[in-house]
Structures are given as structure tokens and as C-alpha cells.
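Those protein sequences? They're chains A and B, same order as listed. Going by UniProt numbering, the first residue of the first sequence is number 1, and it counts up by one from there. Going by UniProt numbering, the first residue of the second sequence is number 1, and it counts up by one from there.
A portion of the hints provided could be inaccurate.
Said to hold, decoys possible - Covered by chain A, according to a simulated footprint, are these stretches of chain B (three or more residues, beta-carbon under 8 Å): (1) 57 to 67; (2) 146 to 159; (3) 238 to 244; (4) 297 to 305; (5) 332 to 346; (6) 446 to 454.
Keep in mind the hints are simulated off the structure, nothing from the lab. Every residue gets a Cβ at the ideal spot worked out from N, C-alpha and C, and that includes glycine.
Number of protein chains: 2
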Amino acid sequence: MVEQQHNKNEELYNVEELRQYLLEGNIESFREIFLELHPYDQAQFYEKVGPDIRKTIYQFLSPQEMALIFEAIELEDEEYEQFLKEMDTVYGAEMLSYMYTDDAVDVLNELDDEHRESYLEIMDSETVEEINELLAYEEYTAGAIMTKEYVSILENSTVRSAMTVLRNEAPNAETIYYVFVVDENHCLTGVISLRDLIISDEDTLIKDIMNERVVFVKVSDDQEDIAQIMKDYNFLAIPVVNESNKLIGIITVDDIIDVIDEEASDDYSKLAGVTDIDDIEASPFKAAKKRLPWLIMLLFLGMITATLMGQFEETLDKVALLALFIPLISGTSGNSGTQALAVAVRGIATGEIDEKSKMKMLLREVMTGLITGIVCGLIVVGIIFIWKHTLLVGLLVGAAIGCSILVATIAGSFIPLLIHKLGVDPAVASGPFITTLNDVTSILIYLGLATTFLGQLS
Amino acid sequence: MVEQQHNKNEELYNVEELRQYLLEGNIESFREIFLELHPYDQAQFYEKVGPDIRKTIYQFLSPQEMALIFEAIELEDEEYEQFLKEMDTVYGAEMLSYMYTDDAVDVLNELDDEHRESYLEIMDSETVEEINELLAYEEYTAGAIMTKEYVSILENSTVRSAMTVLRNEAPNAETIYYVFVVDENHCLTGVISLRDLIISDEDTLIKDIMNERVVFVKVSDDQEDIAQIMKDYNFLAIPVVNESNKLIGIITVDDIIDVIDEEASDDYSKLAGVTDIDDIEASPFKAAKKRLPWLIMLLFLGMITATLMGQFEETLDKVALLALFIPLISGTSGNSGTQALAVAVRGIATGEIDEKSKMKMLLREVMTGLITGIVCGLIVVGIIFIWKHTLLVGLLVGAAIGCSILVATIAGSFIPLLIHKLGVDPAVASGPFITTLNDVTSILIYLGLATTFLGQLS
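My request is simple: use the sequences and hints to build the entire structure.
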């Protein structure tokens with residue numbers, strides 16, 4: 001399908017033809033084909049051609065047309081700055097003011113203060129005010145992802161006047177499929193969908209047909225919680241209010257899809273111990289920089305395990321056979337810990353695990369650890385007995401594996417809950433603790449048992 | 001926010017009050033409050049009350065009203081069957097025919113053949129035909145997630161007649177914000193948004209204002225690829241065509257959000273070695289059943305490592321100190337392998353890694369492995385020298401860690417690509433191979449080096 005999609009795009013337009021028009025300076029033919037394309041396809045073309053050709057594009061397209069491309073584009077952080085620098089500052093500022101506020105803010109957030117100021121200075125004051133408002137909100141909150149381009153009407157309007165407002169706002173609003181209803185203080189009182197508007201009589205009053213049970217979010221709410229609500233209710237947009245219940249923006253479903261994608265990638269990369277997963281294009285040095293903090297931290301924590309094992313050097317010295325099963329035991333303990341951790345972290349992230357279900361889940365994990373521990377322990381006893389013909393070592397390794405699976409499973413679910421309680425993101429902080437704890441306990445159990453039964457072993 | 005949301009819901013309606021009306025048989029008061037709620041809130045209430053109270057709900061609500069709840073509900077697979085069994089078969093069948101086809105198919109898919117047939121037998125033939133069509137499509141394809149409730153018009157219609165069609169279809173169609181344009185053979189020729197319709201003159205012909213560059217998907221396309229397209233283009237719905245380009249359904253953004261969520265959870269749970277992450281509510285036996293296959297497989301693969309180490313029993317027997325660093329080395333190698341694996345698997349899943357960028361990425365990973373390996377190796381040499389005052393053991397462990405990080409990083413990116421090439425999902429199959437390969441190579445390198453330099457050590 002990915003290939004098909006590429007083929008289809010190539011059917012939709014001819015990259016070489018467009019490039020040729022730009023090189024020839026054939027503005028009319030270029031605009032005729034290019035402006036017919038979906039902004040996403042325009043952005044793909046714009047991104048692919050080199051800086052020289054892009055300079056011609058800036059001459060051929062108005063800042064307003066360029067704004068559509070910048071709304072659709074998905075770039076690495078530094079690329080925004082690079083592309084903006086190719087443009088004339090006045091052109092760039094004008095383009096930014098034509099963009100939806102939330103998208104303009106995303107771009108401006110990537111610039112350094114000085115560079116950002118140079119744009120804000122020449123933009124009109126109303127837009128600058130809106131942009132500064134959004135820039136002030138904390139990252140990952142409703143305020144940071146909302147847009148100011150929504151349609152609102154007074155509750156005393158009729159359907160007819162609402163439709164007139166809609167038609168006028170249609171070219172600017174990010175969505176016209178929901179109209180938000182406010183009172184004279186601009187406080188949110190209801191919502192009505194365009195679907196309901198077009199099937200209603202034109203003289204009906206909005207307040208008689210609007211939905212008063214409007215679900216909204218606060219400007220400081222976390223984006224992940226908002227994503228959950230929009231997913232549950234299947235909304236295309238959700239209104240954002242400030243502390244005094246005044247409507248100040250909306251969040252649309254396309255931004256929420258990006259949030260869901262981003263948060264899932266986040267949890268995933270944290271489980272894998274990479275600070276940021278989107279680095280396919282990054283240089284080896286950048287990739288190494290992202291991975292080293294985790295590796296080095298685990299290296300130091302791994303030294304704790306080595307120190308602890310040093311206490312049993314005498315036992316290991318006497319029965320070298322014991323060392324063979326150390327990777328197996330710590331590996332299995334690590335695996336079962338990661339499983340429990342993954343379930344707990346996802347459960348906390350999706351809100352499935354709350355205060356009430358916490359104890360229930362912990363109890364469940366204890367039982368799960370017992371079952372998996374006993375099953376794996378028995379299998380190991382069997383394998384070692386068949387392979388090495390020794391029941392004693394088998395029992396020792398089996399018991400160690402069983403116990404460490406139990407401990408690892410409990411730790412894997414308890415530690416994220418504890419860390420979450422402390423207000424830290426459990427996805428990022430749980431891993432190293434659990435890895436170390438599991439290594440330490442599994443080896444303590446194994447070599448402790450071995451030392452106790454040393455007489456029978458040697 | 002999660003708490004706030006709960007609070008807000010509780011403001012929106014009083015659970016106890018509703019429950020009381022049901023117990024008293026006060027049908028009017030119940031319907032007055034309940035039907036005002038958003039279907040998601042209705043579903044939350046319906047799910048929470050016990051089976052006895054639900055029996056009363058079936059008496060108080062029509063199958064059509066119940067259909068809205070079933071569209072909004074998110075249940076475990078078995079629960080659908082359980083809830084349906086509480087209803088009268090005729091009531092259940094009628095409810096299913098009122099549901100959007102895609103949602104009805106989701107429910108019917110959870111039932112055994114016999115049970116499903118009992119519903120299909122009493123539903124009207126047109127609905128059954130549509131349902132059977134969707135049931136026939138393979139899971140995870142466009143056909144399996146599309147809905148038949150879309151709005152289409154002929155290209156020769158006027159805006160006025162299009163609006164009339166829209167108003168008539170509004171109560172049934174899953175979205176009316178896109179109207180799909182077809183020719184007399186029902187082949188897809190264009191698309192027009194409601195936004196464009198309401199700002200156009202009523203006498204304009206659709207074909208003059210429609211967008212002819214309509215992006216569509218084929219019925220057999222993979223849902224993950226479709227999600228990517230809808231994310232790129234910010235569509236609210238996308239049309240689905242069959243082999244002869246006939247429009248046969250649409251996929252809406254709410255279903256795509258579920259796909260994105262599901263696929264991200266999938267990748268995540270596979271990385272953690274759990275066959276399915278959504279098991280917060282599952283019994284310990286069920287949870288253990290989901291985790292054991294992975295644990296047992298790794299147990300057997302771990303035996304390979306133990307066997308291999310058996311070859312070095314003599315070396316270990318002579319220098320017990322060596323055993324202390326085994327968990328550290330295999331742990332670090334495992335960690336760097338998982339990092340590389342995560343980047344590769346996500347890159348393949350999101351389509352960022354394709355044929356062209358493959359070699360580039362592999363080369364990048366070789367360099368990344370070299371850098372991280374050298375840095376970590378040097379750190380280890382330093383730590384062990386300071387701690388144990390032995391440069392030789394430090395160099396040995398440092399070299400082993402450096403080499404195994406390099407090997408693990410290359411394996412972590414190469415193996416998913418290889419497995420993907422073989423047509424297998426790299427997320428699920430790469431883990432055990434890489435874990436074992438990393439354990440084996442890291443120990444081989446470590447104990448191999450140690451045996452070579454044994455003279456200097458003992």
C-alpha cells in the first residue's frame with residue numbers, strides 16, 4: 001500500500017514536470033498544476049526539491065498559499081528554522097500570520113528568541129497577541145495544542161444566522177463541523193453540529209436545539225487525557241475553556257491523532273531505553289548521544305550486581321557449574337519483570353489503572369507471578385535433570401527461577417505505581433530500578449540457595 | 001484530568017438516581033435523563049450496572065436506542081457475547097440492524113457461528129447481505145473496518161440536490177462532512193466537503209466544484225497503511241473502492257484512531273514479550289497464559305547460552321572472579337540490542353525505513369554501535385581499575401562489553417529488516433533471536449578472550 005500510495009501520487013502529478021516549470025520560470029503552468037494538489041502532496045514536493053528551487057517557489061506562491069504547505073508539512077525541529085531562513089523575513093512573517101495559530105506557534109517554538117522576535121515585530125498586533133497567548137502555555141497542555149480559529153455563536157441566534165456565520169468563517173476556521181455556543185460573557189454554554197444545523201428549521205433558536213451537556217477541557221489539562229476523552233466520545237473537536245469558563249480555543253482531531261501517535265512512541269521508546277525513537281535520519285553521533293545515558297546508567301547499576309556476586313566468589317570458586325545458569329536466571333527474571341512493567345505502564349498511561357483498581361491489579365500480579373514462576377521453575381528442573389543428570393542443581397536453578405519470576409513480576413507492577421504516585425512518569429523511571437532489583441534479587445536467591453546447599457554440591 | 005472527567009460525568013448525571021428509576025420501574029424519568037446523555041456516557045452506565053438492572057434497560061429502551069450504546073461501548077471480546085445473551089434474540093437482532101455495519105460486524109465477529117447465524121436468520125435480507133459482505137473481508141484490511149453508511153451523489157447533480165440528499169441521509173450516515181461523487185456505474189470520480197457545499201451557489205453542478213484528485217484506498221489495503229494516509233492528509237474519512245474502482249464503503253477517523261492506538265499497543269506489547277497488553281482486568285490464569293509462551297521460549301533459548309558457557313567451565317573454575325561480570329556484560333549487550341531493535345521496528349512500522357534507506361540505516365547503526373561500544377568499554381575499564389585495582393580484568397571486561405554492544409546494535413537493526421523481508425512481523429519475531437544471539441556472542445567474546453589470556457589471569 002505504501003508503494004501504491006507513492007504510485008498514486010505520481011499519477012496525481014509529475015514531479016519532473018513541476019520542477020521543469022520552476023526552472024524555466026513558467027509561473028502559470030506551475031501554479032495551474034501545483035495549486036490543484038492536496039497541501040500534503042504540495043508539502044512533499046516542497047520538502048524534496050533543493051533550496052535553489054524552493055527560492056523560486058517563494059516567488060511563485062503567495063504567503064497565504066505557502067501557509068497551507070507549512071500547515072501540512074512534518075519536519076525535524078531544525079528544518080523549520082532552515083526553511084524559514086530561506087525566505088524573506090517579511091514573506092515569512094506574512095505566511096506565519098496566515099497559518100492556524102496552533103501551527104504557527106509550533107513553528108515559532110523551534111526558533112531562538114531573537115529570530116522569533118524578528119517575525120513577531122512585523123506581524124499585525126492581533127495575530128501577535130494570539131500567538132503570544134499560545135506561546136505562554138506549558139507544553140503538553142490543552143493551551144499548547146489548541147487553535148483560536150473556531151466558530152462560536154450566541155445562544156439567542158437562529159439557525160439561519162448561525163449558517164451565515166458559518167459560511168463567512170468557513171475559509172478561516174479550522175473546523176466548521178461543530179459550532180460552539182456562548183452567552184454574552186463568552187462563557188461556553190453548548191454545542192451544535194453542522195449535521196444538526198442543516199436538518200433544522202431556519203427560524204429555530206440555537207439554544208432550543210443545542211446540546212447543553214457539552215464536554216470541554218480546561219486550558220491546563222494534559223494532552224494525553226484530552227486524547228483519551230476525544231477517543232472515548234469520538235469527537236472531531238473539543239472546546240477549551242479558561243478558569244472562568246470562558247471559551248478560548250478548540251482542539252481538533254488531527255492534532256489529537258498526532259498526540260496519540262507521539263505518546264505511544266514515547267512509551268515505546270522509554271521501554272526500549274532510547275530517549276527519542278524518531279531518529280532514523282539522525283547521524284550516528286546523535287543516535288549514540290540518545291542511547292548512551294541509558295546504557296551508562298545501567299552499566300553503573302550493573303556494577304551493584306557484580307559487587308553483590310563478589311560476596312559469593314567462594315561458592316562460585318568451588319562449583320563453577322553454578323555460573324553457567326546465571327545468565328539464564330537473570331534473563332528470565334528480567335523478561336518477566338518487563339512484561340509486568342509493560343502492562344502496568346500502559347495501564348497507567350491509558351487511565352485503566354486508577355486508585356480503585358490498584359490493589360486488585362497488584363494481587364492479580366502476585367498470583368500471575370506465582371503461576372508463571374512455578375511453571376517455568378518445573379520446566380527448568382526437567383531440562384537440567386535430562387541434560388546434566390543432576391536433580392540437585394536442577395532443583396536449585398528451578399527454585400531460583402521460580403522465586404525470581406515472582407519477585408520480578410511484583411516489582412514490575414509495584415514500582416511503576418509507586419513512581420507514578422511520586423508524580424514521576426513511570427515509563428521513563430521504572431526500567432533501571434526494576435532491571436537492577438531483578439538482577440540483584442535473582443542472583444541473591446540463586447547463590448544464597450547454592451551456598452546453603454554447598455555441602456551437597458561439591 | 002482523569003479525576004476531573006469523572007467528576008464532570010458525575011455532574012452531568014446522577015448514577016444513583018438513574019439506577020433508582022430503573023429499580024422503581026419509572027420509565028419516563030429514566031428516559032428523560034438517560035437519553036440526554038452522550039452515547040459514551042450511556043455506555044459507561046450500562047456497562048457498570050449489573051445484569052439484573054440491564055434487563056430493565058432492555059425494556060426501557062428501543063433496539064434503536066440500544067444500538068447507539070453498543071456503537072459507543074468498548075468491551076473485552078467475551079463481554080459482547082455475554083451482554084447479547086442477556087437480551088431477547090429478536091431484540092438483539094433488531095439492535096444489530098440499527099447499528100452501523102462496521103460496528104455490527106465487530107460484535108458479530110465475537111460470536112460463535114451458531115449464535116451469529118441465529119441473529120442473521122431474523123434480520124432483514126438487505127442488512128444481512130451488507131453484514132456478510134463485511135464479514136468476508138480479511139481482518140486488518142480496509143474491508144474489515146469500513147462502513148457502508150456513506151453519502152454519495154452523481155456528478156451531474158447540483159449543490160441544491162446534494163444538500164437535499166445530505167439532509168435525508170444525515171440521521172443514518174456515519175459522516176456527512178464528505179460527500180463522495182460517483183458516475184452512473186458507481187465508480188468514484190471525486191469528493192466534495194460539506195464545507196465547500198455550504199459556501200457554493202445552489203445551482204452549481206457538483207462536477208464543477210468537486211475535487212477530482214480524490215485519495216482513496218483499495219478494499220484489501222492494510223489498515224496500518226490507511227492510518228498513515230489519513231494522518232498525513234488529515235482526512236475525516238476516506239473512500240474505499242473495489243478492484244473495478246467502484247465505491248463500496250468509507251473509513252472514518254474514529255475507527256482510524258482505534259487502529260493507531262491498537263497498532264502502537266501491539267508494537268509495545270511485542271517489545272515487552274506479552275501477546276496482548278490489554279489485560280488489566282484479566283484473571284491471573286489468563287495473564288499467565290499470555291506471558292508464559294514468551295518466557296518458556298526464552299528459557300529454552302537461554303539453555304543454549306548455558307550449554308555454550310559449559311565449554312568454558314574450566315576457565316571459570318580457575319578464575320571465579322570472571323563470573324561476577326557475566327550478568328553485566330549480557331545485560332548491557334541486551335540493552336543496546338533492544339534500543340537498536342526498537343528504532344528499527346518502529347521505523348519499519350511507520351514506513352520510515354524502506355528499501356532505499358535500509359543500507360543507510362544499517363551503516364548508521366554500525367557507527368552508532370562503535371561509538372557506544374567504545375564509550376561504555378572505556379567507562380568499564382575505569383570502574384574496574386578503581387574498584388578491583390586490576391587493569392587486566394578491566395581491559396578484558398571492557399573489550400567484551402565494547403564488542404558485544406557493537407554486535408548487539410548491528411543484530412538489533414539487521415534482524416528485524418531480515419525478518420520483515422521474509423514477510424513476518426518484525427516486532428513479534430525479532431526479540432527472542434536477538435536476545436539469544438546477544439547472550440551467546442557476548443559470552444563467547446568474554447570467555448573466549450578470558451581463556452586466551454588465562455595465563456596472565458591465574
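A quick look at each hint next to the structure:
| no. | hint | verdict |
| --- | --- | --- |
| 1 | 57 to 67 | violated (count 0) |
| 2 | 146 to 159 | violated (count 0) |
| 3 | 238 to 244 | violated (count 0) |
| 4 | 297 to 305 | holds (count 6) |
| 5 | 332 to 346 | holds (count 10) |
| 6 | 446 to 454 | violated (count 0) |
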